[in-house]
Every structure is written in structure tokens, then in C-alpha cells.
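Colleague: As you go down the protein sequences, you meet chains A and B in turn.
For the first sequence, this note's numbering assigns the number 1 to the initial residue and increments by one for each residue that follows.
For the second sequence, this note's numbering assigns the number 1 to the initial residue and increments by one for each residue that follows.
Take these hints with a grain of salt, some might be off.
Dumping the calculated DSS-like pairs for lysine-lysine here, alpha-carbon to alpha-carbon at most 25 Å [as the list claims (entries may be wrong)]:
| hint | chain 1 | residue 1 | chain 2 | residue 2 |
| --- | --- | --- | --- | --- |
| 1 | A | Lys70 | A | Lys19 |
| 2 | B | Lys57 | B | Lys68 |
| 3 | B | Lys57 | A | Lys246 |
| 4 | A | Lys140 | A | Lys70 |
| 5 | A | Lys19 | B | Lys57 |
| 6 | B | Lys68 | B | Lys166 |
Just so you know, these hints were derived from the structure itself, not from any lab.
Listed below are the residues making up each chain.
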Amino acid sequence: MSVTQQQMMQGFEKPSFWKTLSWFDWIWAALVIAGGIYAYRNLPHLMDVYEIAILAGSTLALITLGWRWKPARALSLAVVIISLFGISRYGTDLGLAEQDFFLRFLVSSQSAVMWMSALYVMATVAYFAHLLSGSDFVGKVASAMTWSATTMGLVGLMVRWRETYLVGADVGYIPVSNLYEVFILFSIITALVYLYYEGRYRTRAMGAFVLLVISAAVGFLLWYSFDRGAHEIQPLVPALQSYWMKIHVPANFVGYGCFALSAMLGVAYLIAARARPGSTLARRLPDLDLLDDVMYKSIALGFAFFTLATILGALWAAEAWGGYWSWDPKETWALIVWLNYAAWLHMRLTKGWRGVPMAWWAIIGLFSQDMDSGMRRNDVDLSGNVILISAG
Amino acid sequence: MSSPAASTRAAPSRAHILLEFLGSMNLAITLLMAVAVASVIGTVLKQNEPYQNYIIKFGPFWFEVFEKLALYDVYSAGWFLFILGFLVVSTSVCIYRNAPTMLRSITHFRTHAGLNSLRAFHNRQEWVVPRPEAEVTPQLAAMARTHGYRLRSQDHGDHRIHAAMKGSWNRLGYVFTHAAIVIICIGGLVDGNVPLKLKESSGQIQVETRDIPASQVPAESWLSVKNPSFRGSVTIAEGTSANLAFLQLRDGYLVQPLPFRIELKDFRIEHYFTGQPKSFESDLVIHDPELEEPFESTIAVNHPLIYKGYAIYQASFNDGGSKLNIRAWPLLARELQPHDIESAVFQDVKVTSPRGPLTMELTDFKLYNVNPVEDDDASGKQFRNYGPSFTYKLRDETGAAREYENYMSPVEFEGRSMFISGVRTTPAEPFRYLHIPADGKYSLERFLKFNALLRDQERVRQLAEETTRGSFDQLTLERPELRQEVIENMVHLVGLFTQGGVDAILEQVNRSAPEERRTQVMDAYLKVLQTILGELYLELLAGEGIDFSPGMSETDARFFDDSLNAISSLGHYGAPFFAQLTGFEHLQASGLQIARAPGKNVVYLGCALLTLGVFLMFYVRHSRLWFRVEEKDGHTRLLFAGTGHRHERDFAEEFTRLRSELEQRLGIVDRPAPRP
Ligand code: HEM
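Required output: the full structure, derived from the provided sequences and hints.
Modeller: Here is the structure:
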């Protein structure tokens, strides 16, 4: 053998991370940075120094996300293009929402959210069909619908962002401030986390279960919108006018999305654990080990973000109310949720608990989380009043 | 996590058993869940309400049980703090026992792994490579390094172990996370109100429950100016100042003096076009004896002032005792003699009235009242400012009170201008509004005159006589007393109407007429009433010099109907006068929250550690590889094993990839070593 060691080693030299990036990755980074600079140059009057920092941070985060998870790039581009289209149809006249064809049926925030809702529900049906039939094609359709729904949901939020400024220049705010908006956010984030795992583990068997909880959120959203007119844009009370909100709320909803996902995987686990081994159902349902693993990963991800969000919430409270922790019901429920998942993680990691009990626990966790997001409603609705009333 | 020390010791000491218990996972989880359950109680049961509310809710027996358990203030209850303290101790012990091992494992490569323990790994592979060791080892090392592993080798005589490891910072995550819990709890304890509770239970301080000026609060309810940590609030009116804060505690308060004085120069509130508040700002002046000159600072919601460790927040706003000029028009008397009142919000005014002495408690003044209006034009929703309003309570001798909300200017309703005044008996219900039509000069005058006229019995009787004269001439010849009866009836009807409105008449009909004739009687009564009131109204118009001979204008006709509606509801309205706001001087007050929290930075440090720790723990993956290399007769026996701490599943995939890479590097096609 006449191969030298040097030659042999060269073939296996793992290139540094930077070298693994393709030219498309660099175009991606350039595009995102250009977008960030554009925002910075054109909207400086709307941002304070913290918000500029958030903009810079989001730019970097989006670049990294696109590098690490390639489909995020196509999604972002689609969202940007459709959103810009919607925003350009508006010009400066909010009244066009009813008159312009495209706005009315496609890209006003209200219509985009309707599209999102419809697509998520259809995707749920499709995932079930995929689960029951095992048809690959149906599975692909289900995925495509979920991607489209997520795109439309993001477009809805983006266009709504612009709409808030059209309502009044002083009204404008990032649409993550009331229950209607955060439910959209919740659906989108849960779907994104799910889509990530779908790609990562190359299975669509979990989709039916996860989309079920998204459909439930959509159901609530529609009721809230039609029955309560929740989609109407209301200006922010002073307490919510803070850059903290811009990071606290999304971080929180990454947490909620992940916890909801793990609960639904818990449901899938319980069903799969009961299916007769070797039966068609057992073959179609996701693999138990996989479920267990994804359940853990998603709780871990959720826990990390929830920790961050709770801390951000405390920092915000310190700045708005004068105390980082007041044991008010909202904060306390966040603590309960957090402690619950901390205990869950300990059980799994140090006691090695697996399987059915952990699945049940993840499902029960969802209820504590529901209480928590229920409390959040007070956060949004009352915080204005609290400020008025506490004068008493 | 088992402690290696535990298994080697023969007879564990008592201290050791205690440590074992405190650091045990079961205890930790029990404590975590106990805090969670206690917190659930604390959110389900509203905390720190006046005890009276709890007695009503639970009854005396359970009230006492719950009180003994301190459920009304869970978060400063002894048992809750005990659990928290226990959790801190348990976590500390856990760190004490595990951290050294964890920290060691960051640098420890485990180059002593024995053959059997390596063979026990789930991820392992053995080969016999037809090459000398000197050719194999560089390949192993290169592969490990290119995948981010650090490598350490050890010669064991007949064989060598190359141990590799990456992501060992993960173990630091454990230390950070758990140390953070301890740090946060300690910081929180510093800022919590435990010292306050202790002082209270030892009788050093006493909660004040009376609503009295701070200067009259006895010394037991004052805290020291040096008090390191507190959170209180104070309301300061424009142009005034304060050097103290009130700490709310259950149904009372304590007074916290400040080492400086806060003056409110100006308070501003901005509104959105929808009338919702957009921002509140206070211009403060801080007077500190230690400063040469006072300094100014503006605070707003989310933008506090931090001075000498005291944080001053914009929390709320209130009226600051606006001066009000009120004209009280009697509603129940026959002469229209207004009474002018000069007072201010938060003041009481004594009033004598036909209903006995009343106290008018002025409670609030609002400069703007922006409300949405459904408009017909295409723009859809619009908002309108109803202008200034003030609220007051009217309390009678028995202590019962009604609350009123009166608007200063008339408001447009369906094309007519109305003075509106809301009334309610409890704060829980919405206001019901009295609408009084405004006359052509946008004043109350015509309505008030009309109302007074109806209450002038002589005039009413006179008019009744006039109206009956013509129609009764025939009849009265036969029965003169009949006409008198009709007149009396008319006067009585008007009287009923002015006192109780249409309802009172209906009631009378229900009482006196047989059921089948009630509607008929009622119609007749109303017709009579309408006639006589109409006559009175015409007289009023004539008095104003209005010529209605061609027929009454629509405006005047509407006015008549609106007036009757208003008069009819005066019975429910309840106030014997209408309080018209004629002038004001707006004064605002700013509600400040003042806090001192020296533990805050400790808590923040803990939070930073916690975040860092959690991300290290979850996202830095700790993996180890071993290569056991043994040369024999020019061949190399290679054992490759690995483990991924807390990410076995993903590591198994990585291991498979590494294994095939190794096979390629070493040119092994498929020749696993025979098992010895
Ligand atoms: C409020 C208190 C606590 C919180 C929030 C907490 C949080 C966590 C979290 C998030 C993990 C991550 C698991 C992982 O991914 O490795 C963990 C691991 C762990 N915790 Fe705790 N913990 C707490 C108290 C305790 C206590 C009291 C003990 C002592 C028995 C303990 C022992 C451990 C151990 C041994 C691990 C596994 C570390 C490893 O090997 O990776 N924890 N803890």
C-alpha cells in the first residue's frame, strides 16, 4: 500500500463549520442582513436602543436558523414576499381591506389567518388519512398543507403588524400582545417545532396528533374572533409598551408550543403502547422509542425557553410594576408549569423513568399550562386596568 | 446519581445518612411538587383579602381552619417558607455531593477503562486491523479531532487506551442550574417580606387599618427609614410632595419613610384617538438634604427612576382633588332656586333636601370621556369625546348611598342635545342614565322650569279648572261636585306622575280598577295627563315668547316628550337635585410605586446562571469515545466504544457514522474481530 498517512487523512478532514456553508447559505445571510439593515435605515424612529439590539439579535438568529434548518429559508422568503405584497396592496389606506380583491380574499391579516385556520384543519384531516391509509402521497399533502398554513399564519402576523400602524401611527405595535395574536403565534410555533422533528426523523406518523392540538387552538381562535371580535386592533395600554414584550412573549410561546407538542406525543404514546404488536395500527403509529425521544427533546427545548421567558417576564415586571416577583396568579402559574416540567425532567434523567407514566405526565402538564395561558389573558386584558385601579 | 463515597463506607455515620436524605432525588421531587401544589392553592384562593371576605365565603368554621393553615397569605406562611428553605438545603446538598464529580468529569478522560467495561457499552465495535499500531493510532486521533473530540492517551503496557470526549461543559450546566436555584431563593428571601412578618409577630410593628393621615399614624406602624427592602406606594397630587410610602399588608398598611422628598410638578396623560390611555408621565422633583440642589426627572410606565437604590415607578393615576363649581338645581320643588357649591374632589358637601339631610361625597373628575359611537357613515366606528364629567355619592342618614356620574355639557343623541347623568346603587352595576333635554340655548332652563311648573299644585289646579270649564258646563249644572272630582283627579294624576312617573300611575290603576278595565282606564288617565301637561308646556312656551299658533315645531314637540320621559324617571333617579358642573380646575395625582430590593441583583445573577446552565445542560452534548488498541504480530486489535450522556439515541446515530468512517480510514471492509 503506497498511500501516505497525509493523503489518507486529507480525505477525511472535517471542514470547519464555515466551509460547510454553500453559496446559497451566504446569499441567505446576505439577504437577511440586507433586510435587517433596511429595517434599521427606514424605521429608526420606531426603535429605541433595545429594539435595535433585538433587531440585530433576530437577524443573527434568523441566519443561524436558516443555516441549521434549511427549509426555514424557503418559508421565510415566502412569508416575506407574500407579506410585502399584502403591505403594498394596502398603501396607506386600511379601508382597502374590504375593497381590494387580494386583501379581501388573501393577504389582509384577517384573511391570511382564515387561510391558516382552514389549512391547519385540513392538514389535520390529511395527517389522519395518512396515518390510517399509510399512503405516502397523502402524507406529503398533509405536510404541504402544514407548511402553507404556517406560511399564511406568519403572513397574517406580518401584515397585521403593518395594519396596526395604519390604524394610527401611534397605535402600531408588534402583534404578540393579546390573546388573539398569541393564539396565532402558538399555532405557528407548535407547527414549526413539529415540522422540524418531522424532517429530522423522516416520519409523518406524529402529525395527526400534533395537528389536533393546533386545530383546537384554531377552533378557539375562530370562536374568539367571530364571537368576541377579538381580531380588531386595539391600541396597547401603556404597561404593554415595552421592548420586553417583544422577547418575552415569543419565548414564552416557544415553551408552550413545545409543551403542547410533547403532550400530544404523550397521547400518541399511550395509544401506540396499547396497539396490538404486529397489527397494522401498531405499524402505522409512530415508533415508541421515537415518541419517547421526541417527547423528551421537545420538553427540554420548551423548558429552556420557558425558563428564559419566565426570567424575561420577571425583568419586565421589575421595570413595569416595581417588583420582579409578586406571586400574582400569572407569575405563580408560570412557576407551577416550570416546576412541573423540572420534576418531569428529573424523573426521566435521574430516575430513568420512561414510557407510559411520563406520557401521562406530559399530558397532565398541558393542563397546568392551559391554566397558565388562561392567566395570561388577565395579563393582557387587565394590565391596563390594574394600573388604573391600583390607585384605589 | 449514586454517590461513590456511599458504597465504600461500611457503617455510614448519622451525618452521612442525613446528607443522603437531604440530597436524595425523591426528596427533591417531593419538594418541587409541594411548592407547585402550594402555589396552586395560592392562585385558586385569592390572597391577602380583608378577612371579612373569607368569613363570608367559607363560614366561620372553615375560615378559622384556613386561617390556621395561613392559606390567606400562602407565600409568607411559615410552612411554605419552610418548604422553600428545605428545597434550598436539599439543592445545596445535591450540589455539594454531585458537583465535585461533575467538575472532575470535565477534565477526566477515563483512560483506565477496562476491557470488560468497554465491552459492556451498547455502542461498540471490535476489529482486527492488518496493520501495525503506529499506522492505526494517528487515524483514530485524526478522526476524533475532526469531530470535535479532545483526546488523551494512556499506555497500559500490553495495550493503550485513547479516550476522547467532547461537550463536557454540559456538566457545568448542572452546577450552574442548581447553584442558580439556591442563589435565586436567597436573593428572593432578602427581598421578601419575611423580616416584616417576623417583626409583626413579635409585636414590634402593627398594621394600621384606619384611614387616617400619615401624621396621625402611631409609631408602631412606622418602619425604619433604613429598612433595606420594601415595596410600597404613594399618591401625590400635582404641586404637592411626599416623603413616605404606604406598604399594603392584608387589610391595613404600614408607613415607610423615605430619606428624600418627592414632589410632583406635573402629571400628563395622553390618549389614543379611541380614548384609551396611551401614556402616563410624571415630572418629579427629588429633594434630598444630601443634594446641593433638587433634581428633576420624568418617569413613565416602563421607565422608572432609580435613585440611591430606590426605584420609583409610574404605577397609576388619580384625581388630585380637582376644584369643582357645581350648581344644584332642585328637582322636587316648585320654585327653581339653584344652589351654588364650590368644592373639590374628595370633599364632602352637606345638603339639606326634602328627603332629609344628605352628604354629597365628591369622588372623581374626568376631563375626557371618549366613547365609541356607531355611526351611519362609511367610516364605520368612530369615537366621540363626551367632555368633562364628575362623580359623586349621595349618602343619606342611614348611610345608604347612590353614586352619580354627571356630564358637564349636553351630548348629542339622535339629533337632540341631552344632559346626561348616570346613577347606580352599587359599584358592581352599570350606570343607568337620566337624559334631560337641553333647550335651544343648550341649557337646562326650559326643562327645569317645566319640571317646577308641574310641581306647582295651585297652578296645576288652576289649569285643570280652565280645561274642564268648557267641556263640563252642561254636566256641572246637574252635578256640580262631579267637576270638582275631575279636577281633583287631574291634580292627583299630575302629582302621582311627578313623584313616581308613569309607573306610579300604573300602580294606582292596578290597585283600583278591575282587571278587565285596566288598559282602558290607563289610556284614559294618560290622555288626561297628556292634555294637562301639554297645556302647562304651552304656557311655558308662551312665556318664552314662542308663537306656536301655526302648530308646534318638531323640536319643541320632541322636547315635550323627552321632558316627560325624564320627569317620569326622576323617581328612580333618586337625587332631589340635579348637580350641574359649571366650572372646574383640573388637578391630577400620580400613583407611584416605590421599591427597594437589594436582593434583586443577586436574583438576576441567579437568573443568568440558570439560563446559561439550562442551555448548557440541554444543548451542549456530552459524549465520550474510547479506542483500546493492542498490537499482536503486526496486526492491531482495536476496540471502539462510545457513550452519549443524556442523548443516547442521537449518539447511536453518530456512533454508526464514526464507525463506518473509521472502517474506511483503516481500510477495513467487513472484518469484525472474533470474540475471544
Ligand atoms: C427547584 C429545584 C431544581 C430544579 C429547577 C432543577 C432543574 C434541573 C434540570 C432542568 C435538570 C436537567 C436535566 C438534564 O437535562 O440533565 C436537572 C438535573 C439534575 N438535577 Fe435538578 N433541579 C432542582 C433541584 C434538584 C435537587 C434538589 C437535586 C438533588 C437531589 C437535583 C439533582 C439533579 C440531578 C442529579 C440532575 C442530573 C444531572 C445530570 O446528570 O445531568 N436537582 N435539574
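Colleague: A separate judgement is required for each hint: does it hold in the structure or not?
Modeller: Results of checking the hints against the structure:
no.: 1; hint: A:Lys70 to A:Lys19; result: 16 Å, holds
no.: 2; hint: B:Lys57 to B:Lys68; result: 16 Å, holds
no.: 3; hint: B:Lys57 to A:Lys246; result: 40 Å, violated
no.: 4; hint: A:Lys140 to A:Lys70; result: 18 Å, holds
no.: 5; hint: A:Lys19 to B:Lys57; result: 69 Å, violated
no.: 6; hint: B:Lys68 to B:Lys166; result: 55 Å, violated
In summary, the numbered hints that this structure violates are 3, 5 and 6.
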